[in-house]
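Enquirer: Chain by chain, the residues run as shown.
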Amino acid sequence: MILLPVLPIIIPLAGAILCMLFRRNLALQRDLALSVSTLLLIVAVGLMAYTRDGTIAVLHVGGWEAPLGITLAVDMLSSVMLVLAGLLAVAVSVYACFDLDTPRVKFGFFPLMLILLMGVNGAFVTGDLFNLYVCFEVLLTASFILLALGGERPQLEGSIKYVALNLLSSALFLAGVGILYGMAGTLNMAELAVVVQQGERGGLVTMVAVMFMMAFGIKAGMFPLYFWLPASYPTPPAAVSALFSGLLTKVGVYSLIRVFTLIFCTDPEFLHTLILIGAGLTMLSGVLAAASHYEMRKILSVHIVSQIGYIVMGLGLFTHLALAGTIIYLAHNIIVKTNLFLVAGAVNRLKGTYDLHKLGGLYKERPGLSILFLISAMSLAGVPPLSGFFAKLTLIIAGLQQEAWLIVAVALIVSLLTLYSMTKIWAYVFWKPAPNELPDLNPMTPAAWFIFLLPMVGFTVITIGIGIFAGPVFDYAQSAAGQLMDPSGYINAVLGGGE
Amino acid sequence: MTSLILRTATRYMFPPLLVFSVYLLLRGHHYPGGGFVGGLFAGSAFTLYALAFNVESARKLLRFDPRDITAVGLAVALASGIPALFSGYAFMTGTWWKVPIRPGVVIDVGSPLIFDIGVYLVVLGVLLTLVFSLGEEE
Amino acid sequence: MEVLLAIVIGTLYTGGLYLMMRRNLIQLIIGLGLLSHGANLLIFTAGGLRQGGAPILAEGEKMFATVPADPLPQALILTAIVISFAVTAFALVLFLRTYQAVGTDDVDELKETDT
Numbered sequence: 000m001i002l003l004p005v006l007p008i009i010i011p012l013a014g015a016i017l018c019m020l021f022r023r024n025l026a027l028q029r030d031l032a033l034s035v036s037t038l039l040l041i042v043a044v045g046l047m048a049y050t051r052d053g054t055i056a057v058l059h060v061g062g063w064e065a066p067l068g069i070t071l072a073v074d075m076l077s078s079v080m081l082v083l084a085g086l087l088a089v090a091v092s093v094y095a096c097f098d099l100d101t102p103r104v105k106f107g108f109f110p111l112m113l114i115l116l117m118g119v120n121g122a123f124v125t126g127d128l129f130n131l132y133v134c135f136e137v138l139l140t141a142s143f144i145l146l147a148l149g150g151e152r153p154q155l156e157g158s159i160k161y162v163a164l165n166l167l168s169s170a171l172f173l174a175g176v177g178i179l180y181g182m183a184g185t186l187n188m189a190e191l192a193v194v195v196q197q198g199e200r201g202g203l204v205t206m207v208a209v210m211f212m213m214a215f216g217i218k219a220g221m222f223p224l225y226f227w228l229p230a231s232y233p234t235p236p237a238a239v240s241a242l243f244s245g246l247l248t249k250v251g252v253y254s255l256i257r258v259f260t261l262i263f264c265t266d267p268e269f270l271h272t273l274i275l276i277g278a279g280l281t282m283l284s285g286v287l288a289a290a291s292h293y294e295m296r297k298i299l300s301v302h303i304v305s306q307i308g309y310i311v312m313g314l315g316l317f318t319h320l321a322l323a324g325t326i327i328y329l330a331h332n333i334i335v336k337t338n339l340f341l342v343a344g345a346v347n348r349l350k351g352t353y354d355l356h357k358l359g360g361l362y363k364e365r366p367g368l369s370i371l372f373l374i375s376a377m378s379l380a381g382v383p384p385l386s387g388f389f390a391k392l393t394l395i396i397a398g399l400q401q402e403a404w405l406i407v408a409v410a411l412i413v414s415l416l417t418l419y420s421m422t423k424i425w426a427y428v429f430w431k432p433a434p435n436e437l438p439d440l441n442p443m444t445p446a447a448w449f450i451f452l453l454p455m456v457g458f459t460v461i462t463i464g465i466g467i468f469a470g471p472v473f474d475y476a477q478s479a480a481g482q483l484m485d486p487s488g489y490i491n492a493v494l495g496g497g498e
Numbered sequence: 000m001t002s003l004i005l006r007t008a009t010r011y012m013f014p015p016l017l018v019f020s021v022y023l024l025l026r027g028h029h030y031p032g033g034g035f036v037g038g039l040f041a042g043s044a045f046t047l048y049a050l051a052f053n054v055e056s057a058r059k060l061l062r063f064d065p066r067d068i069t070a071v072g073l074a075v076a077l078a079s080g081i082p083a084l085f086s087g088y089a090f091m092t093g094t095w096w097k098v099p100i101r102p103g104v105v106i107d108v109g110s111p112l113i114f115d116i117g118v119y120l121v122v123l124g125v126l127l128t129l130v131f132s133l134g135e136e137e
Numbered sequence: 000m001e002v003l004l005a006i007v008i009g010t011l012y013t014g015g016l017y018l019m020m021r022r023n024l025i026q027l028i029i030g031l032g033l034l035s036h037g038a039n040l041l042i043f044t045a046g047g048l049r050q051g052g053a054p055i056l057a058e059g060e061k062m063f064a065t066v067p068a069d070p071l072p073q074a075l076i077l078t079a080i081v082i083s084f085a086v087t088a089f090a091l092v093l094f095l096r097t098y099q100a101v102g103t104d105d106v107d108e109l110k111e112t113d114t
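Residue numbers (numbering that gives the first Met the number 0), protein chains in the order written: chain A, 0 to 498; chain B, 0 to 137; chain C, 0 to 114.
Hints were generated in silico from the structure; no laboratory data involved.
Not one of these hints is a red herring.
Cross-link-like lysine to aspartate or glutamate pairs, in silico, EDC-like; alpha carbons within 20 Å at most:
hint	chain 1	residue 1	chain 2	residue 2
1	A	Lys105	B	Asp64
2	A	Lys431	A	Glu364
3	C	Lys61	A	Glu64
Calculated Cβ distances over 10 Å to all of chain B for the following chain A residues:
hint	residue
4	Ala26
5	Leu27
6	Ser34
7	Arg51
8	Pro102
9	Gln196
10	Gln197
11	Glu294
12	Thr318
13	Tyr362
14	Ala426
15	Val456
16	Ile467
17	Ser478
Each pair of labels, with its calculated beta carbon distance range:
hint	chain 1	residue 1	chain 2	residue 2	range
18	A	Leu453	C	Tyr17	47 to 55 Å
19	A	Gly464	B	Lys97	56 to 64 Å
20	A	Leu27	C	Leu3	56 to 64 Å
A virtual CB, placed ideally from N, CA and C, is assigned to each residue, including glycine.
Here chain A stands alone, though its shape is the one from the complex:
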C-alpha cells in the first residue's frame, strides 16, 4: 500500500529508462513496452480493487504530510482512468509492433510512449495543482515529439499549431496556479477546496476558474478552442493518432472534472452553465464539421471534438446522475474512439489510403475487420445495446431531470448526425463497390494479421461488455460520481482531518 499510488508513475518511467538504454535493440524495446504496459494495467486494476469500496489511496511522497508535500491521491474516478490508460497502452503497443515503420521505432517511439503514459498517469493520480501542471508538460513534450516523429510536411504543420496552442494553454494554466497560490497560500487541491469553500473573494475565484476552464478547454478540445485538434491528430501514423485520441484530450477532460467538482463548485450557476453552453456548441460544431469531410481520420478527429461535448455536458449539468453519465461516457469514448482509429489504420494498411472516395468494397474482402468497425461505429452513435447507448441514455435522463431541454435536444440531434457520419464511412469504405481495384498492400501473414487485429477485437468485446453488464458499470459510476459530488471524503483522506 505504501507504494501503490506512485507505481503508475514509476513503472512507465523505469520502462522508458530501459528502452533508452537499449536504444539499438528494437525487438527488446517492443517486448519491454508490451510488458511494462501489461504491468501497468495490472497495477491499475489493483488500485481499482483497492478503491472499490470508496477508500481513497493517499501517498505523501517523501513523508511530507499534506498540504506541505507532494500528495498523490487515487479515488474511483482516477482508478478508472488508470485502468483505461493501461488498456490503451497494451493495445497500442501490440498495434505499433506491426503498424510503425522502423525509422520511427528507432527514433524512440516506445520510450516516448512510455513517458507520455507517465505524464498521463501522473495527471490522474496527483493531488496537487502544480504537479498537475508538471504532468501536463511531461505528457505534452512527449506528445510534441511523437506527433512530429517522421517529419512529413503535414505532420510538421499540424505540430506547429498543436505546440503553439498548447503552450498558450499552459501559460494560462500557470498564471491561474500563480493567482490561486497568492490567494490561498496553497496548491494542494484538497486544501484549496477548503479555502475556496469559505467563500471569501468570490469574484477572484470565479475569474481564476474561467482561466482554468480556458486552459483545460484548449487541452480537452472544447468549443471554441479546438481548432488545433483536427489540424494535427490525423497527421501521424494510426498508432500515434489512436494513443492521442484516447488519452490526451481525456486528460484535459479529467482535469476539468477534478477541478470543477473539487475546487470551483461554489458558483455553479455561472461556471457550470458556462461549461454546459460550451458543451452544446462543442457537440454541434464537431459533428457538423465531420459531415463535410471525406477522409476517414479527419472525420474521426472532428468526432473526438463532438464526443468531448457529451462528456463535458455531464459536468455542466452537475448532478449526481449526470456525473455518473460523464464517467461512463468517458470510459466508453476512450475505448470506442481508439478502436475506430485502430481500424482506420488497418484499412490504410490494406489499401494505402484514408480517402473515402478511393476506398470501397472492403466488406467483401475483409468481413471480420468490417464487423469490428461496424460495432464500434454503432456504439459511438449510441445504438443499443452497446456501451454508447447507456452512456448517452444516462446523460439524457440527467438532462431531463434538470429540465435542460435545449441541451437534451442538441444531444439527441448530434447523436443522429453521428449516426449519419458513421454510416457514411460504412457505406463508402465497406459497402459500396470499389471504384477501381486497389491492390491489397498487406504483406502480413494470416497469423500476424490475427495478432494485429487482437487489440481491436479486445476493444470491441469491451464495448459490447459494457452494454451487457450495464448494471454493475452504472453502479460503479454512481459511486464514483458520489465521491465527486461530496468532496469531503477526498479532503479528509488527503488532509487527514475529520476523524
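With the hints as your guide, set chains B and C onto chain A.
Expert: Frame of chain A; chains B and C shown alone:
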C-alpha cells in the same frame, strides 16, 4: 570559423568549469547550487568545447552518448527514492547515512544527494543531446 | 513594487500575445517565451513580495527569529523555467525542421492540414 583565442581559452577553461560544476552539485543541499545548475555548468563546458573545436571532438571528449547519460541519470534519480522503502517510509523520504571518509571525519550522505546526482546527469545529457544535434545540423 | 511588477507583467503578456499573432515563426517562439516569463513573474508577485532571509533553520534552532521569505513561489518558478526551457528548445528544432521542409517561415502558408 573557430578562433585561436577561443580554442586556447577553452583548453584552460574546460577543467575548472567541470570542477566547479561538481562543486555546485555538492554544495546544493543547503546553499545555492544543486544538480540542475551543476548539470547546466557541465553542459555549457562541453558546449563551449563544441563551439571552439567541433561537435565531433566534443562527443569524443564526452565518451558516452548523451542519451545514455540521460537514461542513467533518470535511473539514478528514480533509485534515490527506493532506500526509504526498506525502512518502511513513503517513497522518496530522505534517508541519511554516516560515511567515514578518514579516521575521525564522518560526512552525512543522503538520498537527496543521489537524487541531485541523477538530476545533474539528466540535465547534462538532455542539454548535450540538443546542442549536439543542432550543431551537427549544418 | 507590486504596481511596478504588475505593469511589467502586463507588458510581457501584451508583447507575448502580440508576437504570437504575427505571421512569423520566430516571432511566435519569442512570443511564447515572453508569455511564460509573464506567467512566472505573476507567480512571483502573487506569492507575496516580502523581504526576508532564507528559510533554513540554523543548527539547534527551533523557530525562525524573523519571518523568512516564502520559498515555494521560487521553487514553482524554477520548475516552470526549466520546463519552458525544454519546450522552447524543442519548439526551435521543430520550427527549424518545418522551415526546411516547407521553405517558408510564414505561418499563413501552413494551411495544408486545415481543410
